[in-house]
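*Asks:* Make one complex out of these two single chains by using the hints.
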Amino acid sequence: AVRCSALEWSGCYRNEEIASSKWLDAHYDPVANLYTFSSCIALSDLHGDGENKLVVGDLGTGVCNVKLKVYRGTGVLSESTLLDLPTGLVSFLMDLHEPRTPAIAVASGPFIYVYKNLRPYFKFTLPSLEVNPLEQDVWSQAKEDMIDPMTLKEMLEGLRDKAEIPLSVRSLRFLMLEPQEMENFVLLHKEQPIRRQTVITCIGMLKKNMADEDAVSCLVIGTENGDVYILDPEAFTILYKMSLPSSPTLMDVTGQFDVEFRITVACRNGNIYILRRDSPKPKYCIELSSHPVGLVRMGKNVVVGCTHETLHGYTQKGKKLWTAYLPAPVTAMALMDLPTRGFQAVLVGLANCEVHMYRDKNLISTIKTPDVVTSICFGRYGREDGTLIMTTKGGGLIVKILKRTAVFDDRDSAPGPPIAQSIRLNVPKKTKLYVDQTLRERENAVAMHRAFQMDLSRLRLAAARAYVKALESSLTPMSASLTEPLKMNAVVQGLGPSFKLTLNIQNTASCRPVMNLAISFLYDENLYSMRTAFFKIPLLVPGLNYPIDTFVECLSDKGISDIIKVFVLREGKSAPLLTAHINMPVSEGLALN
Amino acid sequence: MKTDVQLPAATDLKKPRPKKAPELPILERRNWLIHLHYIRKDYETCKAIIKEQLHETQGMCEYAVYVQALIMRLEGKIQQSLELFQSCAILNPKSSDNLKQVARSLFLLGKHKAAIEVYNEAARLNQKDWEISHNLGVCYIYTKDFRSAEEQLNLALQLNKHDLTYMMLGKIHLLQGDTEKAIDVYKSAVEYVSIHNLTFKHTCFILYTMLLGKYQKAFEHLGNALTYDPNNFKAILAAGSMMQTHGDYDVAMNKYRVAAYSVPESPPLWNNIGMCFFGKKKYVAAISCLKRANYLSPFDWKILYNLGLVHLTMQQYASAFHFLSAAINLRPRMSELYMLLAVALTNLDDADNARRSYEQAVQLDESNLLVNLNFAVFLYNQGDKKAALLQFQEMERKVNTQVDSNINTEFDPELVEMAQKLGAALQAGENLYWSKPGKDSKSSQRSSSSKPSSSQQPLGTNQALGQAMSSAAGYSKSMQITAGAEP
Numbered sequence: 039a040v041r042c043s044a045l046e047w048s049g050c051y052r053n054e055e056i057a058s059s060k061w062l063d064a065h066y067d068p069v070a071n072l073y074t075f076s077s078c079i080a081l082s083d084l085h086g087d088g089e090n091k092l093v094v095g096d097l098g099t100g101v102c103n104v105k106l107k108v109y110r111g112t113g114v115l116s117e118s119t120l121l122d123l124p125t126g127l128v129s130f131l132m133d134l135h136e137p138r139t140p141a142i143a144v145a146s147g148p149f150i151y152v153y154k155n156l157r158p159y160f161k162f163t164l165p166s167l168e169v170n171p172l173e174q175d176v177w178s179q180a181k182e183d184m185i186d187p188m189t190l191k192e193m194l195e196g197l198r199d200k201a202e203i204p205l206s207v208r209s210l211r212f213l214m215l216e217p218q219e220m221e222n223f224v225l226l227h228k229e230q231p232i233r234r235q236t237v238i239t240c241i242g243m244l245k246k247n248m249a250d251e252d253a254v255s256c257l258v259i260g261t262e263n264g265d266v267y268i269l270d271p272e273a274f275t276i277l278y279k280m281s282l283p284s285s286p287t288l289m290d291v292t293g294q295f296d297v298e299f300r301i302t303v304a305c306r307n308g309n310i311y312i313l314r315r316d317s318p319k320p321k322y323c324i325e326l327s328s329h330p331v332g333l334v335r336m337g338k339n340v341v342v343g344c345t346h347e348t349l350h351g352y353t354q355k356g357k358k359l360w361t362a363y364l365p366a367p368v369t370a371m372a373l374m375d376l377p378t379r380g381f382q383a384v385l386v387g388l389a390n391c392e393v394h395m396y397r398d399k400n401l402i403s404t405i406k407t408p409d410v411v412t413s414i415c416f417g418r419y420g421r422e423d424g425t426l427i428m429t430t431k432g433g434g435l436i437v438k439i440l441k442r443t444a445v446f447d448d449r450d451s452a453p454g455p456p457i458a459q460s461i462r463l464n465v466p467k468k469t470k471l472y473v474d475q476t477l478r479e480r481e482n483a484v485a486m487h488r489a490f491q492m493d494l495s496r497l498r499l500a501a502a503r504a505y506v507k508a509l510e511s512s513l514t515p516m517s518a519s520l521t522e523p524l525k526m527n528a529v530v531q532g533l534g535p536s537f538k539l540t541l542n543i544q545n546t547a548s549c550r551p552v553m554n555l556a557i558s559f560l561y562d563e564n565l566y567s568m569r570t571a572f573f574k575i576p577l578l579v580p581g582l583n584y585p586i587d588t589f590v591e592c593l594s595d596k597g598i599s600d601i602i603k604v605f606v607l608r609e610g611k612s613a614p615l616l617t618a619h620i621n622m623p624v625s626e627g628l629a630l631n
Numbered sequence: 008m009k010t011d012v013q014l015p016a017a018t019d020l021k022k023p024r025p026k027k028a029p030e031l032p033i034l035e036r037r038n039w040l041i042h043l044h045y046i047r048k049d050y051e052t053c054k055a056i057i058k059e060q061l062h063e064t065q066g067m068c069e070y071a072v073y074v075q076a077l078i079m080r081l082e083g084k085i086q087q088s089l090e091l092f093q094s095c096a097i098l099n100p101k102s103s104d105n106l107k108q109v110a111r112s113l114f115l116l117g118k119h120k121a122a123i124e125v126y127n128e129a130a131r132l133n134q135k136d137w138e139i140s141h142n143l144g145v146c147y148i149y150t151k152d153f154r155s156a157e158e159q160l161n162l163a164l165q166l167n168k169h170d171l172t173y174m175m176l177g178k179i180h181l182l183q184g185d186t187e188k189a190i191d192v193y194k195s196a197v198e199y200v201s202i203h204n205l206t207f208k209h210t211c212f213i214l215y216t217m218l219l220g221k222y223q224k225a226f227e228h229l230g231n232a233l234t235y236d237p238n239n240f241k242a243i244l245a246a247g248s249m250m251q252t253h254g255d256y257d258v259a260m261n262k263y264r265v266a267a268y269s270v271p272e273s274p275p276l277w278n279n280i281g282m283c284f285f286g287k288k289k290y291v292a293a294i295s296c297l298k299r300a301n302y303l304s305p306f307d308w309k310i311l312y313n314l315g316l317v318h319l320t321m322q323q324y325a326s327a328f329h330f331l332s333a334a335i336n337l338r339p340r341m342s343e344l345y346m347l348l349a350v351a352l353t354n355l356d357d358a359d360n361a362r363r364s365y366e367q368a369v370q371l372d373e374s375n376l377l378v379n380l381n382f383a384v385f386l387y388n389q390g391d392k393k394a395a396l397l398q399f400q401e402m403e404r405k406v407n408t409q410v411d412s413n414i415n416t417e418f419d420p421e422l423v424e425m426a427q428k429l430g431a432a433l434q435a436g437e438n439l440y441w442s443k444p445g446k447d448s449k450s451s452q453r454s455s456s457s458k459p460s461s462s463q464q465p466l467g468t469n470q471a472l473g474q475a476m477s478s479a480a481g482y483s484k485s486m487q488i489t490a491g492a493e494p
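Residue numbers (this note's numbering), protein chains in the order written: chain H, 39 to 631; chain G, 8 to 494.
Just so you know, the hints here were simulated from the structure itself, not pulled from any lab data. Be a bit skeptical, because a hint or two may be false.
To be verified - Straight line, CA to CA, 27 Å or less: simulated BS3-like cross-link-like pairs of lysine-lysine:
(1) 288/G x 468/H
(2) 200/H x 194/G
(3) 120/G x 84/G
(4) 358/H x 135/G
(5) 470/H x 120/G
Stated by the list, open to error - Far from chain G, by Cβ distances over 10 Å, these chain H residues were calculated:
(6) 171
(7) 187
(8) 265
(9) 307
(10) 536
Positions of the beta carbon are idealized from the N, C-alpha and C atoms, including for glycine.
One chain only, chain G, in its complex shape (with noise of 0.2 Å):
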């Protein structure tokens, strides 16, 4: 009150000069403490500076809004962050880190093609930024434009060797179905990327040989990777389920044993672990495992199989069924499936539901000898003489077609044994692989698990020579050959 009557008198006097204009604060004062507490992950005292900031350059603060926005994406705000991102912008039109954020967070929401023309936008203001390119080429793969993103990615690359563009334009290749290109590019991230990234170079090299098929080379390389970095979840998983290819169960156990350690709860290492008990023979051990797995990832159908086939071995026909039936609702387009099925049925005395699964399981198949023969050998034993022939000449045809195109020459003993039991009894298979002079079948160095038949039936029963599925997360889909066989 009292300056008000006093201020009257002073603008009477000298009207013409206004008083002292304030200060005005500078508007990034503050900034390097916001800065600061950021990077610190320190977010409540970032959000009270930036509050207090706000209020003091009213809302002007270009970096404190900025900051805010990402913490709040960090939130999960997406949308909140997204309009303070388009603020920024409004704020500093020049600059082309506003709008890759906001093209960021339109990505985040979902919204890729409002994201690429965000992105072009930055792209103009800056030529020259990798991360643009990429993130352009990353939103056309999501709106399925494989080529503007390739387009994209190569331009990234000329601009900086990152290794995730190498990663996404290997994926690129890989989605199009076109691995050559993907080795190409898997095989120059090699060659460019910086030795310091090891486990990057590891993985790079791993996808560039396993593509390749060569897989001596892809596991000496994550061998590599994993003296490196020995506690690699993945390293250890795809290095483990290679192993077990080769039968090397105990050395794959002991590196399942660190990633147990780390990753307790991983339904692909239990199901590995348990394969491994299955390859040890320990039966008992190798149901708790895949149980385990089943648990924590029931949806799974490898690991449904591995029951399946475990339980099998076992004889326990009625459970091995039902771990097959919950595979087959999953996977319904497998033929190896629907062969142990009909194992399992005709072990419990069903033999029409055998003989329809055996008939879907052939129509689906496309190389697995396994499934005519065994098919054969069921029909042969039912009385069927005529169409177990046309299954063996069905098995005879593969297997000309194989070794004919080199894929495979070697043959499991125990389907050759059977093979040629079956031929003798059909009269037919004379000019079969194996049976041609000086070419005998080469034995694996895997130990065959068969007994001796010890059926009153002139061939014994089925042979049911399964695949053990083992998931090596996201590295390899191939499967392992695990002879599981049955008296």
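If we strip away everything but chain H, and leave its shape as in the complex, we get (with noise of 0.2 Å):
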């Protein structure tokens, strides 16, 4: 693998803002072959020691290559295979033996896989959800061999649509399948019980019955069915069950579960819900104008960035408090949370490659990346309190650390208009010449304007007779007759010395068909041959394009070029219908002797 070091890689940014001089470069490696989100990112004192591991849930190819990584310092300490992708993962103490080491909790399908000292510990399974009885009735049906295949595929189907639990992956797949094969799939799946399962797509963490740092904490989760958990940090039993209108996809807890907590849930419909301990639905609802990106919990207030390129801050009850406007589309976020120093902070991955770092609505820093951020951690790594650590989307592996003498200001950094209004307009300088033609406008203003309508007239006149010449003559390639109306044009093809002659040619009469009509040529022998300069075409039937194809060689190779006439020609007349005049191009090649 490439690295470069800290020193290598500061080069890069010395021309860059003071912003990022708030940073220490620790560490880049753009091909870690991380493939991961801020869900699937946490920082943990693994071992006890007081020094923090970095702890990633890798996406792999999204397919295979899926693992749980850990790092320590700038190298991987350990690597562990996991099943199926990971969906989130948390550190949590579940029990408060010594050392006080923490647990890491790996969400993946229907699974929670609990790992300690890196080791499996636990495979928690979601409780399978309730199966339409009627359903459980028709396959035990079918079991039994009561009803055959054709009778359960009706119930099926008249169960899908009226139901009001939806029917499980097996009876959907079997509504799927042709009737020859329905007969097999039965006989494989009747004697398995019948089963409804959902996978889980965020978790969190909440404290137990203390605040402390170092407290007990539960672990919460939302699954795709809409339900909410919050599970037992010892037993793994579910002490709790909400339910929302739609999917989760992230989540916000805080409190404490035995005291008042507070759930706070971004959904796949586009609502952010809020849950409390006293109710099992929703207490507040945040409708959003665009899908939720990233949702972080400042204080006692939720700051979330939404698709639409806007950032909008809201209290725990809901009410908007700002909205700010960003340049980019959001691809992360994080808090930047420093409680030495009593700084807190909204870290922003934008589409644009920056990381934006908002106070409430105020952009306070702005840092440059070399690649799109897809996932950002802020916390202590090693033994280092205010480490930044973001992913990319190439794969890429950031670690930053804020230096000590770093100050932020609370002011909007953001660019005012003052800077644009200073800007000169650019208004169009004029000549000498300008100024000359003018002074002469005024002086001359109604020679000049006698002599334009003059020649106006005269041009009008002159395009008027030259129309009628063409017209009278058939020079054009449109025909002017009322029985013959027709259009034609040509496209020349090839390098040469051969070329491809294609006329289409079309009536443009409404119903009536035109026959008898003939195509000549006229050209300087000297230059071109043509197999045929003359040759009649099929009756036009009417709007249809007739392309018709014929071949040129040119016979000099002197580089010139001329011009070929085509008429078209009806039969007992001398006078062409219409004529096309066709510009050769240069031949570029020599014809073969």
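*Replies:* Here it is in structure tokens:
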């Protein structure tokens, strides 16, 4: 792997604004090969030695190579293979045993894998969903061979369209089958109990009964069918269940389970719901105008980044406080919390390779990144409190350390309008010639006007005359005769010496076909040769386009070209119906003798 | 091959027992990942995941189909997306969301009637959806069924007070020419919409006040909107155009500089900048800017009108003639254009055509005094006193109606001066508004640019007082009056 050292990398930033000098570039690995999101990154003191490690749930290629990676310093400490893509991971303390080492919970499909000391410790499976009793009945009848597959299909279809509880995967799959496959499918599956499973879409954690940093925490999970569960930290039993109108995508949890808590969930329908301890249904709802991409709680407020390039601030009761407009779509969001300095800000990764730092609606700092950031995590890494960890779209890993001297102004550093206001207007300049002409016009306006009007009339007259002449002698590619209204255009293809001439002829009459037509060519015989310089054309049905191909050979190698004239003739008439002049291109090839 | 050989033996032994059923994958297991990529606008990855997911579930994963259809619609493949949404609706016939998307695609394809049907079907599944009612309303607007549109939009407002709905409802009333109802809508919009959507609130308030004719109030709110969002192009243009009306050319220019920085190729902006220079009597710069505006939008008659006016001022009558005739070709029913053309023609010594042009102007005109006054001056100079008197009386009539109905009591001092001179020459006009004692015309604060007439003719040549058009994108169609006088 190619790695830039901190020193090399800082060279790239030499000309950067002061903002970037607030950070030390600790590590950048552009080929770390990480495919992950903010929800799959955590910093944790895995071994209880006071040194925080970086835990990353890597989605690998999206199909295989799915791994749980642990970084220490600039290197990978350990890797363990995951069975399926991780949706999220959290590091939490599950008991009070000494040494107090946190466990890692990885949500993946319908399971939560709990790792302790980086070793698999427990696997939690989501409870199955309720199966439609009618569906159960139908299948048990099928099991006892009381109904044939076709009847089964009809009954299931009836259930699908009416029932409140959706059908299981098995029934849905069965309904998609061809009649000849049904028998086998029923035989294969009928012994198995029907199950409906759902998957975990997001995961968070909630302190059990103490607010301390090292208090025991419960896991909070959101599922595809819109349920939120709170799990007991030791027994992994479901302590509390709540339901949402849509699938949750992002989650933020605050409070303590035994006292009072608040779960803010962004859902796939574009709404944010706020759940509280006393009610199994959402207490407040925020309707956003576009989908939320990131959700971060700052103090008592919630900051949401939306797809419409906006950042909104809401109170915990769902009241909107402010909106900030972003220069590019949001890709990742995270909280920057420095409790030692009492400083909090929201980090927003943008698609224009920037990370913006917001305090409320004020942009206080901007970090430029070499690639689009897909995940952000801020916290203690190793023994350094203010570490910013980012992964990029190309799979890179960036680690930056906040300088201890860095100070952030609370002022809005967004560029204001006065800068633009002082830029001079780019008014086009006029030359001396223009001024002279202006003066001339002032003096001679009448004469100029008369001359112009006179010439205009002459021009119109000349144009009309030429047009009449062209029509009279059929020199145009449009026929003026009422009996044979024809239109023609010609295309020349080829580089030479052979050219292909395509004549597109169209009868523009509404219903009358045209017949007895012929085409003849007139050209310089020293320059060109044609196999057939005269041929008949078929009956022309109105409205259709007739492409007629013929070939021309260029005889000269002197790089000269000429005009070929095409005449459309009517049998028994010497004057052509229409004429086209084809400007032949210069032949770029030589004839083979 | 090896398993094939072994299999018969096994099945022979335990015939009734089938082999273990394979675990069927959960259909929705990748939905979260699809959604994650979709909202991050990473459509390529998203499409790859969808393809894989559809392969695995044999096309049964509703959400994957749904997102694929959304992406296709974004890519402009509306017909294909419509088909996909329809298959979503087959997979899950109970979801109003799928129907809404089907209807949306139909709407985008311009099939408004079909969209209305599908929306109605969706509304049966979900009675209380703001979006359905709103979109139904919009569809009805396109089918010109304003009554149903109004009904649906009001329904949408009952469910949720969204800015968009207010805007559409206001638009319907304006389309029907019902200004009062539109004012009511904007008024309630101002009251109900949360204070955090300031831009919208200001837009509403501005529209509301402008409809009421309270330009001063509208201007204040434009100022507020600008402090909130100082780079809002529309607001800058609207505010600048109002400042221009009041002669604040320097302040307007400051605003335009901001706008020119963000949108450097806007024809209305360069038109307004040009007219600012005109107001400051920097005619060459004015022509430069107007020509740029004309280059950017060659078929905008307002720009051509202004170019004609500036060239008249510069005594470039031949050029003025061309710009004005181009403007007339684009907008053949505007009397002021014919009047300016007539002025140009008079100066080009083409009295016959000038007279014809004036006649056309008078025929089209309804309330502009200048048309009649200029025509009267022209006729007088031509020696046709009788016809001149007729035009003068027509002007008197217009003045009196305007004063009686209190539309306008302040007249341009230049116009008044010329009218008085002409009145004296024609021995008429004693009963005009401004000649009554004690009601001297208040001179407007604008500096008049008239020069003393230095011609041998008894009355000097025509006064060409034009109105400089300023088009403030979408906000004000009001014309601003700039006096451009000729010696």
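*Asks:* For each hint, tell me whether it holds in the structure or not.
*Replies:* The hints, checked one at a time:
1. Between the alpha carbons of residue 288/G and residue 468/H the distance comes to roughly 16 Å, so the proposed pair stays at or under 27 Å and holds.
2. Restraint check for residue 200/H and residue 194/G: the C-alpha separation of about 46 Å exceeds 27 Å, so the hint is violated.
3. With a C-alpha separation of about 20 Å, the suggested pairing of residue 120/G with residue 84/G holds against the 27 Å cut-off.
4. Among the hinted pairs, residue 358/H with residue 135/G is consistent with the structure: their alpha-carbon atoms are about 23 Å apart, no more than 27 Å.
5. For the suggested pair residue 470/H and residue 120/G, the alpha carbons sit about 62 Å apart, so the restraint of at most 27 Å is broken.
6. Even its closest Cβ contact with chain G, about 19 Å, leaves residue 171/H beyond 10 Å, as expected for a residue assigned away from the interface.
7. No beta-carbon of chain G is positioned within 10 Å of the beta-carbon of residue 187/H; the least distance is around 15 Å.
8. Listed as a non-interface residue, residue 265/H keeps its Cβ farther than 10 Å from every Cβ of chain G; the least gap is roughly 13 Å.
9. For residue 307/H, the requirement that its beta carbon stay farther than 10 Å from each beta carbon of chain G is not met, with the minimum near 8 Å.
10. Listed as outside the interface, residue 536/H is consistent with that label: its C-beta sits roughly 41 Å from the nearest C-beta of chain G, beyond the 10 Å cut-off.
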